[in-house]
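**Q** Here is what each chain is made of, one letter per residue.
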Amino acid sequence: MAEFLTVDIWRGGAEGQLQRFDVPRSDNQTVLDVVTHVQKVLEPSLAYRFACRVGMCGSCAMMVNGKARWTCRTHVKKVAADGRLTLEPLANLPRIRDLVADLAPFFDKWQAAGGQFKPQAELGDDFAIVPPSGAARRQADEAIECIGCAVCYASCDVVAGQPDYLGPAALNRAWTLMNDGRDGAQDERLKAVSGAGGCQNCHTQQGCRDACPKGLNPTRSIAGLKRMSLMALIEGRL
Amino acid sequence: MSGRGEMWLFLAQRASAVVMAPLVLIHLAVIIYAVRSGLSAEAIFARTRGSALWAGFYGLFVVAVSVHAALGCRAISAEWAGWRGNRVDGVWAAFGVLLLIAGLRAVAGVIW
Amino acid sequence: MSLQQAAGRVRSRSHAGYVAYLVHRLSGLALAVFLPFHFFVLGNALNGAAGLDDFLLWAANPWVKLGEWLLVSALALHMAGGIRVLAIEFLPWSERQKTYIMLCIAFAIAAGLLFLLAARHG
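Residue numbers (my numbering), protein chains in the order written: chain A, 1 to 238; chain B, 1 to 112; chain C, 1 to 122.
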């Protein structure tokens, strides 16, 4: 193990450059440990995000040697065999400062994709019963585990080429709601996910699935939306 | 293009693909067979002239491929060149129509 | 873009699904460029067999044959890759995505080889 890592970190916003730091290696070091060392010891003005440090919140996601990752769950020895790290803010999003990307467009698209649950039930209604073994509920089993870290969004080549594409996370969210028997905005949501930036833009490259730190499969969710949207189109509900 | 319009185009792209999958398979077999037995206008015409079956086969193929190719080019120009909007759509629609006319003319050329 | 950034962009796209997409798109583009010429040449058969035979004589050139081989392979690749996309979109998810990509490539290579064999014989 080399004693020092060579770390290039993005400084600035949309305009900026990489700045080099030498960071001491240590056992079981994560990429987040590296960034924290830089900020605490070498460059106090470095801006970056993190919260939980244990892979629950998703806020420490950034580009590590060109791939979007959670830095808290990425061991240096796994990604920097040659002792070099290049860290940049999440791709496909505006850069605010240093390693901080502006996630507003990402969450705006959750809204645009009909990501809000619209209840059908009235105040006095009985509890809805959603059996865990139900077909629709099982369709959404995996997809509901998404924590919205935007790693898939930063890894999606269609988003890169088509800025109004809703992206894997927002469409995955819509898919969970399309399988929620309590939801009362099904056709409305299908309209939202089949417009110009909708599910039909997905080219099934599976970059999202490849990159998802939770091992989820947005490509599959989006394929489900494509089928639902086509059915709605043919039946005149779009 | 309205949201519903985009979905119709998506349906047209996938439906034309489904139609073409078996046609391409047969076309590949015909290519290999024809090349193996020596390509000449005479050999081609012996198979195709006056054949309603080949006219229908390649007529359907031309319709499907005109739709499919125009929509594929539209997606590529939008994503790789950033060319979007009604005017670009018009250009690709015209490309599809030209393919259709040229394709049907080609079918006529080998059938009549 | 620095060299490192460029390397990063390549790395983030170095998964099988992206390569399959890229190959599908480029083969489709090649076919779309070729189609007008294909139709034009065959359409001229309306003016009699002589014109078509002149073209076929020209097309016997080994470089043209090489181009034809590429187009036949592109057609086979695009068809197989297209069926793969349709399967992802309209059939239940399969975990054997890489296997299917390899099958598509194998199909295209086989079609291309058959074409070359046939051309050698013809």
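These are calculated hints, taken from the structure and not from any lab test. We treat Cβ as the ideally placed atom computed from N, Cα and C, and that holds for glycine. It cannot be assumed that every hint is accurate.
Claimed, not checked - Derived BS3-like pairs (lysine-lysine); straight-line CA-CA distance at most 25 Å:
1. A/Lys-118 - A/Lys-191
2. A/Lys-214 - C/Lys-98
3. A/Lys-191 - A/Lys-77
4. A/Lys-40 - A/Lys-77
5. A/Lys-118 - A/Lys-78
6. A/Lys-78 - C/Lys-65
Stated by the list, open to error - Far from chain B by the CB rule (all over 12 Å, computed), these chain A residues:
7. Phe-50
8. Asp-164
9. Ala-232
**Q** For every hint, state whether the structure bears it out.
**A** These are the hints, each one checked on the structure:
1. A/Lys-118 - A/Lys-191: Holds. A/Lys-118 to A/Lys-191 sits at ~15 Å (cutoff 25 Å).
2. A/Lys-214 - C/Lys-98: Given pair A/Lys-214, C/Lys-98 holds - Cα atoms ~20 Å apart, limit 25 Å.
3. A/Lys-191 - A/Lys-77: violated, 46 Å
4. A/Lys-40 - A/Lys-77: holds, 22 Å
5. A/Lys-118 - A/Lys-78: violated, 43 Å
6. A/Lys-78 - C/Lys-65: Not satisfied, since the Cα-Cα distance of roughly 48 Å exceeds 25 Å.
7. Phe-50: Non-interface label stands for A/Phe-50: nearest chain B Cβ at 33 Å, farther than 12 Å.
8. Asp-164: violated, 9 Å
9. Ala-232: violated, 8 Å
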